[in-house]
Amino acid sequence: MDMKRLKEDFDRDYTANQTTRESAADDLVFYWITQWDDELLANSPLQYRGQFDILRKAGRQILSDLRANPVQPDFKPKDESRLDDAEALDGLYRACDRKLTSQEAYNMAVQDSVVCGYGAWELYTEYATNQVGDRNQVIKREFIPEANNTVFWDASAKAMDKSDAKRCTILKAYTHEGYKDLVEELTGERPESVAGSFSSPEDSYTFKWFDGKDTVHVATIYRRQLVKDKVLTLSDPFGEEIILRESQLEDVMDELLSTGHEIIAEKKIERWEVRKYIVDGEEILNGEEGEVIAGEHIPVVPVYGERAIIEGQEHWEGIVRLAKDPQRLRNFQMSYLADIVSRSPRRKPIFHPEQINGFEFMYEENGPDNNYPYLLQNRFDASGQPLPIGPVGEMPEQPMPQALAASIELTRQAVEDVANPGLPQDIADPDLSGKAVLALQNRIDQQAYVYQDNLKFAKRRDAEIFASMAGEVYDAPRQVMLETPDGTSKPAQLMRVVIDNETGEPVVLNDLTNLEVEVYAEIGPSYASQKEQTRDRLQGMMEALPDGDPAKNVMMLTLLEITEGVNLEHVRDYARRQLILGGFKEPETEEEAAMLQNAQQQQQPDANMLLAQGEMMKGQAALIREQREAQKDAVDAQNENAKTQIDAFEAETGRMTAQINAQKAQADIERSRIDGFAKQIEAGLKVQNSQIDRLRATVNQPAP
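Numbering follows numbering that gives the first Met the number 0, with no gaps: position 595 of the sequence shown is 594.
Take these hints with a grain of salt, some might be off.
Claimed, not checked - The calculated label-pair distances, taken between Cβ atoms and stated as ranges, are:
#, residue 1, residue 2, range
1, T232, F583, 23 to 33 Å
2, L255, Q599, 46 to 56 Å
3, S199, D1, 42 to 52 Å
Said to hold, decoys possible - Restricting the straight-line Cα-Cα distance to at most 25 Å, the calculated cross-link-like pairs of lysine-lysine (DSS-like) are:
#, residue 1, residue 2
4, K139, K275
5, K165, K3
6, K6, K165
7, K6, K275
8, K489, K75
9, K157, K229
10, K455, K165
11, K227, K275
12, K455, K77
13, K229, K275
14, K3, K139
15, K165, K98
16, K179, K275
17, K266, K227
18, K98, K75
19, K157, K584
20, K489, K584
21, K227, K179
22, K77, K56
23, K6, K229
24, K98, K584
It is worth saying that the hints were derived from the structure and are not from the lab. Beta carbons: idealized from backbone N, C-alpha and C, even for Gly.
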């Protein structure tokens, strides 16, 4: 990737919503830091500047409503035959969703969305452990601080969940040493000096977050693009098929070839690929090509407070934007009132000089310094004339302006009109939390519901990203922990291979690869609140049923099963067992299934049951007979086939024996012929020797 193009794209995204970002940055400062750091009040003559915050209470109320009514995503498979796989994905998502890092990411993002209108969190993968040889990865979430100032989306993207964005940039601040550590981790070399920052995040014009001297900003850039690929279907010698992308074959090609896999089909496709680049002001730190991350979506989830698109530009705001002016006015009024109280003269008595002549020291001290048990004054003047007893008058207090008294209450009402979601006032029994939560859910103010509904979009997007990443991260058999809606955990084996009893073919259970799902999200009370509501409803229905009604006993057992408390585990276990034995609840564990089976075996069936069982046994006997005959035919066929093979073997053996005997006879004839020839040669030699001996004897005879 060209560094120049990365910076040009970022400049366009950075300036697209600059005005909105500056206003939202001011909202963050106003809500969290100070409500007086503003040019409007900089020249105020007030000596006392108090902060009488009623906006914070409204923010807490909205955040409490959002947390009391969480968004619950649900995965629905496009292929109905993969319902079990989707349920495994549900359990895996809930387990990840309830981790502390995920909760922190949600809370920080939602908090920013309520205050300034925008927050975000990020999904990433890492190895589950640091053990040698452990290649299993897990999915985690990380909050993004000041997302309004540090997250910049593709300026062309207009969808609320940014599913149409082609890029996203996150700015992260580092100290000089932290930057050097990052470069050393990514490149293996520690720089001697600090490179220029990639850019500076958006600052409030009233409060500077960074001084630009001691901070280095590094950008994490995600880019999403369409790439061409092939989907290959491979088959092993046993006929088992697997589907892989051509880009995935590099890591497993040798293994597949060694196990006899062959490509039987291929299809050209276009798919989304996301690359991650870590960039400072000068270079790409993790390589020119970046790194490919899991999934086909940019792993950043935005969440909005209130959002609108005006003249092609995106605008957002939270509860602070419209409440700032009335809150400023309230702070000014209350501070002015405090100034009146602190700076105006106190009420003081007025005396004639002759009345306190000689006792002035008793009237000089004010407040707690005046410790005299009583005060003295003169009764007669120097000429003996009587003096008035007590002060002749009193200095008046400075009155509070009538307009100030009236406007103080108006400012409170003005802030609550734009920020406070309000609470239902007709909750019959606030002590019953189930009723309270239900009433709150039904009557929640529309101002809070806007934030709740926008959070639903964010959680739905989070689930889509998680499902896409999970298909690549959980691509091998492994043991995981799944979580049920009631918060209990249970172990499960991903990609578990079992034999189908009907077809005899192997089936892969809990397979998340190539799983296509639709994600739905619903707003509702938490599981604890739902349980409280269920208890309330059960108690109400039980009161309406007469004693001895079987339904009342079932409701009592259900109520006992969901009742929590110290040392009540045995009560809940008893209630659950009774519901399972009564057929009102399905067993969920092997122990519960065995308990139900034993109980059914011990029960004495009636005549109709025996008759039905007899007919069933007849059918089973007929089925067994047919199976036995089929097995006999199969054995006979196997025996006939074996006999045929034996006969063929014997025929072949006879033919080979005849050949051996013929060869032996031929060898005997050849040996006899050679022996006769040798004897002939030996006889000829004997004749020749006798002739030679006669000739020699003739030659040696003496002459006559």
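Status of the hints after comparison with the structure:
no., hint, in the structure
1, T232 / F583: 23 to 33 Å, "violated (46 Å)"
2, L255 / Q599: 46 to 56 Å, "holds (48 Å)"
3, S199 / D1: 42 to 52 Å, "violated (23 Å)"
4, K139 / K275, "holds (16 Å)"
5, K165 / K3, "holds (17 Å)"
6, K6 / K165, "holds (15 Å)"
7, K6 / K275, "holds (15 Å)"
8, K489 / K75, "holds (21 Å)"
9, K157 / K229, "violated (31 Å)"
10, K455 / K165, "holds (22 Å)"
11, K227 / K275, "holds (19 Å)"
12, K455 / K77, "holds (21 Å)"
13, K229 / K275, "holds (23 Å)"
14, K3 / K139, "violated (32 Å)"
15, K165 / K98, "violated (29 Å)"
16, K179 / K275, "holds (20 Å)"
17, K266 / K227, "holds (11 Å)"
18, K98 / K75, "holds (23 Å)"
19, K157 / K584, "violated (48 Å)"
20, K489 / K584, "holds (19 Å)"
21, K227 / K179, "violated (38 Å)"
22, K77 / K56, "violated (45 Å)"
23, K6 / K229, "violated (33 Å)"
24, K98 / K584, "violated (30 Å)"
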